[in-house]
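Number of protein chains: 2
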Amino acid sequence: MQAYMKKNRAELLTIKAELERSYEQSKTEGLALNMSRGNPADNQLDLSMKMLDVLDAQTPLKLDTGFDYRSYGGLDGIPEAKQLIAEMLEVKTDNVIVQGNSSLNLMYDSISRSFTHGVLGEMAWCKCDTLKFLCPSPGYDRHFAITEHFGIELITIPMNDDGPDMDMIETLVKEDASIKGIWCVPKYSNPLGITYSDDVVRRFARLQPAAKDFRLYWDNAYAEHHLYSDKQETLLNILEECEIAGNPDMPYIFCSTSKISFAGSGIAAMATSVKNIQDILQKLSIQTIGPDKLNQLRHVKFFGNIETLRQHMCKHADIIRPKFEMVLRILEEELSELGIGEWRTPKGGYFISFDTLPNCAKEVVEKAAIAGLTMTSAGATYPYGKDPEDKNIRIAPSFPNLEDLEKAVNIFALCVKIVSIEKILSMKDK
Amino acid sequence: MQAYMKKNRAELLTIKAELERSYEQSKTEGLALNMSRGNPADNQLDLSMKMLDVLDAQTPLKLDTGFDYRSYGGLDGIPEAKQLIAEMLEVKTDNVIVQGNSSLNLMYDSISRSFTHGVLGEMAWCKCDTLKFLCPSPGYDRHFAITEHFGIELITIPMNDDGPDMDMIETLVKEDASIKGIWCVPKYSNPLGITYSDDVVRRFARLQPAAKDFRLYWDNAYAEHHLYSDKQETLLNILEECEIAGNPDMPYIFCSTSKISFAGSGIAAMATSVKNIQDILQKLSIQTIGPDKLNQLRHVKFFGNIETLRQHMCKHADIIRPKFEMVLRILEEELSELGIGEWRTPKGGYFISFDTLPNCAKEVVEKAAIAGLTMTSAGATYPYGKDPEDKNIRIAPSFPNLEDLEKAVNIFALCVKIVSIEKILSMKDK
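Line by line, the protein sequences are chains A and B.
Numbering follows the working numbering, in which position 407 of the first sequence is assigned residue number 868; successive positions increment by one, without gaps.
Numbering follows the working numbering, in which position 136 of the second sequence is assigned residue number 597; successive positions increment by one, without gaps.
Worth flagging that the hints you see were computed from the coordinates, not collected in a lab.
All residues carry an ideal CB built from backbone N, CA and C; glycine is no exception.
Treat the hints with care, since some could be wrong.
[Unchecked claim] EDC-like, lysine to aspartate or glutamate: derived pairs with alpha carbons at most 16 Å apart:
1. B:K673 with B:E631
2. A:K523 with B:D507
3. B:K511 with A:D674
4. B:K744 with A:D851
5. B:K808 with B:D514
6. B:K523 with A:D503
7. B:K762 with A:D517
8. A:K868 with A:E795
9. B:K692 with B:E548
10. B:K588 with A:D590
11. B:K523 with A:D507
12. B:K884 with B:D851
13. A:K523 with B:D503
14. A:K808 with A:D622
15. B:K511 with A:D517
16. B:K467 with B:E786
17. A:K588 with B:E541
18. B:K692 with B:D779
19. A:K744 with B:E609
20. A:K511 with B:D517
21. A:K511 with B:E609
22. A:K477 with A:D514
23. A:K488 with A:E795
24. A:K553 with A:D710
25. A:K762 with B:E541
26. A:K635 with A:D674
27. B:K808 with B:D779
28. A:K847 with A:E583
29. B:K762 with B:E609
30. A:K468 with A:D865
31. B:K847 with B:D590
[Claimed, not checked] Computed footprint of chain B on chain A; a stretch qualifies when at least three of its residues, placed anywhere within it, have a C-beta under 8 Å from a C-beta of chain B:
32. 496–508
33. 525–535
34. 560–566
35. 601–611
36. 642–655
37. 769–775
38. 825–839
Chain A on its own, in the form it takes in the complex (with noise of 0.2 Å):
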C-alpha cells in the first residue's frame, strides 16, 4: 500500500469509490455500535458481583466502640477504605478522604468550593476578577466542563510524550496569579494513555506559582489500570515530591474505584496534604453528615488489601487487553501505511487516541455515527471543545463486545479513508 497523498486524483477516485460501497453496506447493516466513553464492559462488571454478598442481614455493623456503619458520622470516610485508599495511593491515612461514589463530583466540589470561600484562607475565586486554569490537551472532557462551567478560562497547553509542555507550564504560573490550578491525568492519561515521567512530576512538583491557592487537579483516575501486568508503568509519588519542593499543599489527587468495582457505585477519595485536609473538613462538614460508610465497608471487604486489589485488576486487564489489541492490529492493518493518521500504544487506561489529517475529525465522527457508531464527539479533548487543528479522536474500546468492536473499528478506519481522501482532493484541487 502507498499513502493517500502520494496517489493521483484518479486512483484516489477509484478508492473512494470502493470504500464508499462497503460505507453503504455498512449503513444497510443498522448497526448501533459505541465508542465514545470509558465504560466498563459487563464482563468487568462481573469481576465484583461478589462484593454484594459482602453485607447481608447478619452482618455485624456495630462495633464494640460504639461506632455503627449504618448510622450517621464518619465525614471523612472509615478508617478501613482510608487504608485501602492510601494503600493504592501510597500516602498516608491521614492525607486521605473517602467519600461518595464519584470522584468527577469530588473534583467538581473542589472547584466549586475554591469558587465560593477560597482555598486555605486565600480570596474566594468568584470575588476574582480572572481565573485561568491550564488543560494539559488532548485531555478529559469532563474535566474541562467543570472549569468552564465557572467561568474559569481555559488555557489549552500541549501534550509531550512525557506529559504536558512543562517549559509553557514554569513560565505561565509564574508571571500569572489568575491561574488556579491544572487538570492532570498522570498515568494512563485520557486519552492519550501516557503516564508522566519522572522528570515532569518534579518539574511539577517544584513549581513556583505566583498564586498561593494554585492547585495540582492529580486526577489518578487509572492508578492501577494497566493492559500488562509484567509492562506496567510507574508514577513519582506527587505528594512526597511536593513535599520535598516545598509545595506541600499543591497537590489535589483524586481516585476512585468506578472502573475497579462498578462504575456507578464505587467509592471515591481525595489525598492532600492534612492542612488542605483540614481545611476541606470543616467546609465539608457544613454539606454532608458524612458518606455511605455501608458501599466503603463493602469495598474494604471485598477487596481484603492493596495485593488482592491488584489481583483483581489483572482481571479487569485479561478482559481489556484483547479489546486494545484488536483495535491496534486493525488499525495498523487499515491505516498504517497511509499517511492518513497517527496513534499511540498505550500500556494503559481506557483510550487510545487517534489523528486524523488536519481538519478531518469531526468529519470523522459525523460519518461513523451516520453508520450506526457513536465515537466521543471530535473537539471534546480540548477546552471548550474545540481543537484547534480538527485532528484527534478519543478511541473508547471498553465497552463493546470483540465482535462488535471488529465491525466498530473496520467503520471507524473506513471513514478515516473516505473523509481523508475528500480531504486530500479538495487539497489537490487547490
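Assemble chain B onto chain A, guided by the hints.
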C-alpha cells in the same frame, strides 16, 4: 407541688440543697448519655437489615434494554426509585430527582449552585450585594449553618402552633428582593414537632416574593415519621398548591430515607417543577455522571411500594413512641407544676422542644454535660446559634435505650430545676 416563683427564698434554698445532692450523686456515676442528635437507635437500624440481602451476586443487574444498574449514568435516579419517592411526596415522577445518601447535601448543593450559577436564569447570588434567608425558629441548626456558611444574612421568623409567622413572611418577601428563600420543616418540624396547617401552606403557596428566584426550601424530612399510626398529621401538597397559586417554581422539596432505612446509607431526593428539574439537571450533569443506582435499587426492592414503606414506618414508631412517652411523662411528673418549663407533645418527628425560663438554657445544657449528659447546644435551634431568650433546648430521645433515656431525662429535669432556682433567687435578690 407549687410553682417555684411562688416560693420564698428559704424554701427555694432548701429544695436546691436537696437537688444538688442528687446532682452530685449523678456526677459520681460516670454516665455517658446523649440526647443531642436525631440518630436512630440500633434496633431501628436493625429494621432494615434485610435490605442488605435484596441484591446479591446472582441478581440480574443488566436489563434487556441495555440499562445496567452497576454502570455509569442515570443522572436523575433510577425510574423505580423516582416512583417510590414520588408516591411518598405525592408528586409525579417527572418532578423528582433521586441522588445519593444525604438530603442535607442536596440542600447545600442547591444553595451552592444558586450562589455560583443562579436559579432559572436569574443572577448568580455571588454577584448580589445582599442575600437574606428566612429562618423559622426554633429550627434546624444544619439548615441555618448552610446559609450562614455562604454569608447569607439569616432572619429569624417566630413559630406559631400552626407554622411560621406568615404575616411577617408575607410582608418581608414582598418588600425585599434580597430575600432568596426560607428554611421549612413542614411536618413534625425540627424541633417543635408541629405540622404546618392548610392555611399556612396555602399562604406559602400564594407568597408574592420580590425576588424571582425566591425558593421554599421545604425539607420534608419527617413526612412518614409519625408516632401514632391512628393520629397522623397531614400536610397539604406544596407543589400542587404552588401550581394553583401561579407559583409553580417556588418550592424545592427535599426528603431522604435516612431515618427510614440507614441513617448514613439511605437515598435522598428533591422534588420541584419540571422547569426547575431541567435547570438543575443541566448543571448537575457537570457535577457528576450519576448517583449510586445499586443503593437506589436496594431501597426499591426492600420497600416495594409506599404501602409497605408505611408499614415499615409503623415499626419505627413502635420503637420511638415509648421513648417520647417516657420523656413526656418524666417532664410532666417532674416539672409540670413548677412553672419553670414549657414543651409541646409532638405526634411525630424526632424531637421534643423544651423552653426553660429566660436565660437558663445554656446553663442547663452545661450542667447536664458535667453530669455526663450531652444535649444539643443551647441556641443551636436559632440562627447563628443565638437564642435571643436563651430558653430553647432540643431534646432528641431516639438514640438512647429506655433505661438510659430514663436516667438522661431525670438528670435533665434536675438541671432545669437547679438552674431555674438559681435564676429565680438571683431575680429575687434584685
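Here is what the structure says about each hint:
no.: 1; hint: B:K673 with B:E631; in the structure: 15 Å, holds
no.: 2; hint: A:K523 with B:D507; in the structure: 10 Å, holds
no.: 3; hint: B:K511 with A:D674; in the structure: 47 Å, violated
no.: 4; hint: B:K744 with A:D851; in the structure: 27 Å, violated
no.: 5; hint: B:K808 with B:D514; in the structure: 33 Å, violated
no.: 6; hint: B:K523 with A:D503; in the structure: 8 Å, holds
no.: 7; hint: B:K762 with A:D517; in the structure: 15 Å, holds
no.: 8; hint: A:K868 with A:E795; in the structure: 13 Å, holds
no.: 9; hint: B:K692 with B:E548; in the structure: 21 Å, violated
no.: 10; hint: B:K588 with A:D590; in the structure: 12 Å, holds
no.: 11; hint: B:K523 with A:D507; in the structure: 10 Å, holds
no.: 12; hint: B:K884 with B:D851; in the structure: 12 Å, holds
no.: 13; hint: A:K523 with B:D503; in the structure: 8 Å, holds
no.: 14; hint: A:K808 with A:D622; in the structure: 13 Å, holds
no.: 15; hint: B:K511 with A:D517; in the structure: 7 Å, holds
no.: 16; hint: B:K467 with B:E786; in the structure: 29 Å, violated
no.: 17; hint: A:K588 with B:E541; in the structure: 42 Å, violated
no.: 18; hint: B:K692 with B:D779; in the structure: 13 Å, holds
no.: 19; hint: A:K744 with B:E609; in the structure: 12 Å, holds
no.: 20; hint: A:K511 with B:D517; in the structure: 7 Å, holds
no.: 21; hint: A:K511 with B:E609; in the structure: 44 Å, violated
no.: 22; hint: A:K477 with A:D514; in the structure: 55 Å, violated
no.: 23; hint: A:K488 with A:E795; in the structure: 19 Å, violated
no.: 24; hint: A:K553 with A:D710; in the structure: 15 Å, holds
no.: 25; hint: A:K762 with B:E541; in the structure: 28 Å, violated
no.: 26; hint: A:K635 with A:D674; in the structure: 13 Å, holds
no.: 27; hint: B:K808 with B:D779; in the structure: 13 Å, holds
no.: 28; hint: A:K847 with A:E583; in the structure: 32 Å, violated
no.: 29; hint: B:K762 with B:E609; in the structure: 39 Å, violated
no.: 30; hint: A:K468 with A:D865; in the structure: 32 Å, violated
no.: 31; hint: B:K847 with B:D590; in the structure: 25 Å, violated
no.: 32; hint: 496–508; in the structure: holds (count 5)
no.: 33; hint: 525–535; in the structure: holds (count 7)
no.: 34; hint: 560–566; in the structure: holds (count 5)
no.: 35; hint: 601–611; in the structure: holds (count 5)
no.: 36; hint: 642–655; in the structure: violated (count 0)
no.: 37; hint: 769–775; in the structure: violated (count 0)
no.: 38; hint: 825–839; in the structure: violated (count 0)
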